[in-house]
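A.B. asks: Work out the full structure: start from the sequences and follow the hints.
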Amino acid sequence: ELKVEQNPLFLSMQEGKNYTIYCNYSTTSDRLYWYRQDPGKSLESLFVLLSNGAVKQEGRLMASLDTKARLSTLHITAAVHDLSATYFCAVSGTSGTYKYIFGTGTRLKVLA
Amino acid sequence: GAVVSQHPSWVICKSGTSVKIECRSLDFQATTMFWYRQFPKQSLMLMATSNEGSKATYEQGVEKDKFLINHASLTLSTLTVTSAHPEDSSFYICRGEGQDFSPLHFGNGTRLTVT
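Chains as they are written, first to last, in the numbering used here: chain A, 4 to 115; chain B, 32 to 146.
Since the hints were made in silico from the structure, they are not lab data. Please note that a few of the clues may not be correct.
Partial chain A-side listing against chain B, Cβ under 7 Å, derived [unchecked claim]:
id	residue
1	Tyr36
2	Pro42
3	Leu46
4	Leu49
5	Tyr101
6	Phe105
Small disclaimer: the values here were computed from a predicted structure and weren't measured. In this text, a Cβ means the ideal position worked out from N, Cα and C, and glycines have one as well.
C.D. replies: Below, the structure is given as structure tokens:
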């Protein structure tokens, strides 16, 4: 059974600081996704990582994937208040349709 | 980009009644629809997977007789919560999957409150 864990679960950080969110998954997967969710809203797609060593960056966020370690990271550079949200990674299986299994989520609060 | 329209956005119903949630793919054909449930401050839990024209596949622990899923066309899937109880109060989100396997096709979610 595919399990996806994130840490930390909660993160409170000062503006301008850097931090990394980790996503570990239990079985082989060929796709990993990062999403952002604001309170009461659905999911906003941030990144799709398709291969080992993949790195993608958008603004202050950078995601990477290590399929051998079954680990993805979401790095936040010089955090700003607008980044406050819950971040989820999701992993899809390798058979048939892409059934996403979501991580536990990381609630990020950036303090001004 | 492709859009999945989910309705209603929120609904309040009385215990014992049924509620139907619709997800429509507006500019692509959703061959598969995934239904998720999210309790407050928790992650999204996959409830079921439905393929157009087939019976849905439910995840372990999800009552198929309580959560009826219909996926009769490539553009419409529905989730009906039957005989709703307060513990069914949650945020329900659908995701449509088409030929491009895009990660973008999430509905906007339905907040269900059962009183």
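A.B. asks: Broken hints, numbered, in rising order?
C.D. replies: 2 and 4
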